[in-house]
Amino acid sequence: MTFDTSLEIIQLTILPQGWTGLVSIFHNDVVFILQYKTDQAPNFLDDITLLGPKTQYKRIDGTYNTISDNLNICYFIWKHAIDLNQVLHHLVHAVAMVSAKKLQLYQPEIIIVGRKYIYKRQELDIGMVEKVLK
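Residue numbering for the sequence shown follows my numbering, starting at 31 and increasing by one per position.
Read the hints as simulated data drawn from the structure, not as lab findings.
Possibly wrong hints are sitting among the right ones.
In silico DSS-like links for lysine-lysine, alpha-carbon gap of 27 Å or less [claimed, not checked]:
hint: 1; residue 1: Lys109; residue 2: Lys84
hint: 2; residue 1: Lys161; residue 2: Lys131
hint: 3; residue 1: Lys150; residue 2: Lys67
hint: 4; residue 1: Lys150; residue 2: Lys109
hint: 5; residue 1: Lys132; residue 2: Lys161
hint: 6; residue 1: Lys109; residue 2: Lys67
hint: 7; residue 1: Lys109; residue 2: Lys146
hint: 8; residue 1: Lys88; residue 2: Lys146
hint: 9; residue 1: Lys150; residue 2: Lys88
hint: 10; residue 1: Lys161; residue 2: Lys146
hint: 11; residue 1: Lys146; residue 2: Lys132
hint: 12; residue 1: Lys150; residue 2: Lys164
hint: 13; residue 1: Lys146; residue 2: Lys131
hint: 14; residue 1: Lys131; residue 2: Lys67
hint: 15; residue 1: Lys131; residue 2: Lys109
hint: 16; residue 1: Lys146; residue 2: Lys84
hint: 17; residue 1: Lys132; residue 2: Lys67
hint: 18; residue 1: Lys132; residue 2: Lys150
hint: 19; residue 1: Lys132; residue 2: Lys109
hint: 20; residue 1: Lys67; residue 2: Lys84
Computed Cβ-Cβ distance ranges for the label pairs, DEER-style [as the list claims (entries may be wrong)]:
hint: 21; residue 1: Thr85; residue 2: Gln65; range: 23 to 29 Å
hint: 22; residue 1: Lys164; residue 2: Glu139; range: 22 to 28 Å
hint: 23; residue 1: Ile55; residue 2: Lys150; range: 32 to 38 Å
hint: 24; residue 1: His123; residue 2: Thr79; range: 18 to 24 Å
hint: 25; residue 1: Leu118; residue 2: Gln86; range: 18 to 24 Å
hint: 26; residue 1: Phe74; residue 2: Thr50; range: 18 to 24 Å
hint: 27; residue 1: Tyr94; residue 2: His119; range: 25 to 31 Å
hint: 28; residue 1: Ile55; residue 2: Leu163; range: 36 to 42 Å
Please read all numbers here as calculations on a predicted model, not as lab measurements.
Think of the CB as a built atom: it goes at the ideal place given N, C-alpha and C, for glycine as much as any other residue.
Generate coordinates for the entire structure from the input sequences, incorporating the hints supplied.
Structure below.
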């Protein structure tokens, strides 16, 4: 969101305080921006987690399916890159800001709200458990 002042154009990067229901309005705005990708990119307010493909397309011999144009690129990575491109495309067209400092790409495991998510499973974050036990 931007607004003009007498000195310059200012871009709002935080939610204004005191507006009733603003958090849910903001959440719904992000859902609207990503409405065609919500199954692959669920969001919690402004945090968007882009989920990878459900399978890694592993062959019986232990190798992975690759794309036909380049046999060095695994198919599941290619699909994930396409999904990432589409999500970023939607955000760019909505003139949304993406923090490069917070951006984490292609992580084999992530921690969200005290749970560690790994391909095909999830477990408790040991660091969070230790903090609770202290």
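Right, here's what the structure says about each hint:
no., hint, result
1, Lys109 to Lys84, "holds (11 Å)"
2, Lys161 to Lys131, "holds (26 Å)"
3, Lys150 to Lys67, "holds (21 Å)"
4, Lys150 to Lys109, "holds (17 Å)"
5, Lys132 to Lys161, "holds (24 Å)"
6, Lys109 to Lys67, "holds (13 Å)"
7, Lys109 to Lys146, "holds (23 Å)"
8, Lys88 to Lys146, "holds (23 Å)"
9, Lys150 to Lys88, "holds (14 Å)"
10, Lys161 to Lys146, "holds (15 Å)"
11, Lys146 to Lys132, "holds (18 Å)"
12, Lys150 to Lys164, "violated (30 Å)"
13, Lys146 to Lys131, "holds (21 Å)"
14, Lys131 to Lys67, "holds (23 Å)"
15, Lys131 to Lys109, "holds (24 Å)"
16, Lys146 to Lys84, "holds (17 Å)"
17, Lys132 to Lys67, "holds (21 Å)"
18, Lys132 to Lys150, "holds (24 Å)"
19, Lys132 to Lys109, "holds (23 Å)"
20, Lys67 to Lys84, "holds (15 Å)"
21, Thr85 to Gln65: 23 to 29 Å, "holds (25 Å)"
22, Lys164 to Glu139: 22 to 28 Å, "holds (24 Å)"
23, Ile55 to Lys150: 32 to 38 Å, "holds (36 Å)"
24, His123 to Thr79: 18 to 24 Å, "holds (20 Å)"
25, Leu118 to Gln86: 18 to 24 Å, "holds (23 Å)"
26, Phe74 to Thr50: 18 to 24 Å, "holds (20 Å)"
27, Tyr94 to His119: 25 to 31 Å, "holds (26 Å)"
28, Ile55 to Leu163: 36 to 42 Å, "holds (38 Å)"
Checked against the numbered hints given earlier, this structure breaks only hint 12.
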